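Chains as they are written, first to last, in the working numbering: chain A, 485 to 961; chain B, 1333 to 1580.
Worth double-checking, as some hints may not be accurate.
To be verified - Once the Cα atoms are required to be at most 25 Å apart in a straight line, the calculated SDA-like pairs of lysine to any residue come out as:
| # | chain 1 | residue 1 | chain 2 | residue 2 |
| --- | --- | --- | --- | --- |
| 1 | A | Lys562 | A | Asp666 |
| 2 | A | Lys906 | B | Glu1406 |
| 3 | A | Lys906 | B | Ala1443 |
| 4 | A | Lys941 | B | Glu1521 |
| 5 | B | Lys1560 | A | Ala498 |
| 6 | A | Lys499 | B | Thr1514 |
| 7 | A | Lys941 | B | Thr1514 |
| 8 | A | Lys674 | A | Glu663 |
| 9 | B | Lys1560 | A | Leu931 |
Because the hints were derived from the structure by calculation, they are not lab data. Bear in mind that the values here come from a model prediction, so they are computed numbers and not experimental data.
Each chain is listed here by its residues.
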Amino acid sequence: MHAENEIHFRDAAAKALQDPQLRANFRRAMDGLITKRKAQFPDPRDLQDLRDLSTAIRSRSLLCLPELLEQLEASCTKNGIKVHWAETCEQANELILGLLEARGAKTMVKGKSMVSEEMHLNAFLEKHGIEALESDLGEYIIQLDGETPSHIIMPAIHKNKDQIARQFSQKIKDAKYTEDVDELTAMARKVLREKFLRADAGLSGVNFAVAETGTLCLVENEGNGRMSTHVPPIHIAVMGLEKVVARLEDVAPLYSILTRSATGQAVSTYFNLITGPRGADEKDGPQEVHLVILDNGRSRIYADPQLRATLRCIRCGACMNHCPVYTRVGGHAYEAIYPGPIGKILTPQMEGVGVRHDLIHGSSLCGACGEVCPVEIPIPEILVRLRREATHEDLGSKVAGKGTGRTATEDWAWRLWAGVIKRPGLYRLATWFATRFGKALPANAPLIKNWTQSRTKPVPARRSLSERMRAEGVPHE
Amino acid sequence: MNGTKPKKVYFYGTCLVDLFFPDAGMAGIQLLRRAGVEVVFPDGQTCCGQPAFNCGYFEEARDVARTQVALFPEDLPVILPSGSCAGMMKVHYPELFHGQPDEAKVRAFSARVYELTQFLVDVLDVKLKDLGEPVKVTWHSSCHAVRDLGLKGEPQALIGQLANVELAPLAREYECCGFGGTFSVRHPEVSGAMVADKIADATATGASVVLSTDGGCLMNVNGALEAKRSGLKVQHIAEFLWERTRAR
């Protein structure tokens, strides 16, 4: 039995591979990001020290997550930030709609937020007559074309300059065609400035929320985050419930490893620490600040001691930048909010391991992701665990969709395989046949025909090593 | 090993070397023997169980692993001509047997496991004398050898000892060749794109041989090169080292 409505990564990936422009865009961009990250970590020991520290901070935060969330709510409330809790995306959307409608808001500007992507917030608000405009340049570019992000940090990375030039000249009113990057940026800036000044509300994500001080930290490069959170009269921040850390001093190392891992920057251009609405004696800032804390499957992930590591993620995107699969197929092929290696472990846990069975297997387990992860999430290990969960329903876990990827064919194949491999006599017989008749196996036999799509058929040696050892003994020369 | 070199080791062929690269297995044994080590090759070797483990079929993998561990009862190093299989036995066996009644026994076994070049360099400190013609080679580092097992340039160090061998570095040396076991047949398009890039990078080095320590990578890269009718060859590092240094 295959899970109903299983999403086939293989098909989408195969299609993406047919697009040479897409492949060139990703390869160039990812190679650049790998080089820039590397330049930020010249000393492997320093890197390892910072990874150890960052991992410890994130692990410790998760260890006391319920307490920290309560503390965060109390600190935020003290600062005048109203905290809201949402178990599902639907609840979070309704909550935000309620806040906007109560204030008669018709337009909202958004800083970059992956959680709002998770909620499909823009589409939801538009259905209710509220314009949600993305103000991050990359997000703005893809919103013009009705696309979704192809990367969690650089959402429009699948497009090159020429493609954006054409798009702007067609989609932005009175825009002239230019391939000059500064002119293109200025064009978007002009549109967005207007919107910032007139927007009824602003929305942002949260990189870290500090429980002790009730501070919302926001990392960005364009100043649009600051505009979205400070100019409109109401600021709504949305975050996944795992984003909390205990103390302000926890932020510095995480911030440092985040920007260096993500874009190879020592620091980002802007770093916002938001501690509440405009004070009585202050001239600017929003009149209201709201924080929406979303679960959406996270507490289920949290409950599993091994899978909990997934929630350490600080959304730097280094795993996708270094992934040989992502680099070749790009983000859209994953047909998910979070692409790349982190998406490969997060999406199946949120949506179910059966519907995403093909995605879980879309990895060579090369380990490049785990090697660069700033908080040492063992992504390959978790992938193996999820493969196991997909085909076994009786492991005592709470993994979504467990066992629904099981097929009789695969079950029997592994049973048969083990049955032969654990019996040296049978193995000996099998290799005897393979060495004598392996050549005769047709290249279009099942599985072999997948292999021979890009390779010649492997031909076994005439005599196996074991057979030669039995015949000749360990060689003496 | 506190400076005392072991006098006797076990050799574990691995299924891919057994079936596809027996010469590499033979060469590995010869290299060890020449370094003054007695080699024991227990009969009944099959596979380390990695394919089932990587797919999440742990019971099947454990069944297989138990039969293999039982073949190596004496407290001797176990040498494998494969980084991936050595990684499985050294790093993943302890995970696989976590909480099992025989966990301690398996852990003791895992601690004795080495990849061949690792053992030749780090334990035996072998010195090679090149007797071959000048040749240019490139090196493909297998992902599991580096990232699971933690190889730190031992194969390159051995190649570096050969006076007539020029080692041309592969662009993106640490990028996967696209094999990934069942990945290569479950996701043949992505896997195919990865190996196509790998052989393009290998060809661009101008080398005449691609060397690696892993049967899976070698089979993958070789298949792709053959399909393109490339003149570039692949060879297991053990075979390459032995051929160039054996007395004729």
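How the hints compare with the structure:
Simply put, A:Lys562 and A:Asp666 have alpha-carbon atoms about 43 Å apart, too far for the 25 Å limit, and the pair is violated. Note on A:Lys906 and B:Glu1406: the hinted pairing holds, with a Cα-Cα distance of about 21 Å set against a maximum of 25 Å. For a cut-off of 25 Å, the pair hint linking A:Lys906 to B:Ala1443 stands: about 22 Å separates their Cα positions. Of the pairs offered as hints, the one joining A:Lys941 and B:Glu1521 holds, with about 16 Å between alpha carbons and a cut-off of 25 Å not exceeded.
For the suggested pair B:Lys1560 and A:Ala498, the alpha carbons sit about 20 Å apart, so the restraint of at most 25 Å is met. Taken as a hint, the A:Lys499 and B:Thr1514 pair is honoured in the structure, with Cα atoms around 21 Å apart against an allowance of 25 Å. For the given pair, A:Lys941 sits about 15 Å from B:Thr1514 by alpha-carbon distance, which is consistent with the 25 Å threshold. About 17 Å separates the Cα atoms of A:Lys674 and A:Glu663, which keeps this hinted pair within 25 Å; it holds.
Distance hint between B:Lys1560 and A:Leu931 is fulfilled; the C-alpha atoms sit about 20 Å from each other, no more than 25 Å.
Checked against the numbered hints listed earlier, the structure breaks hint 1 alone; every other hint is satisfied.
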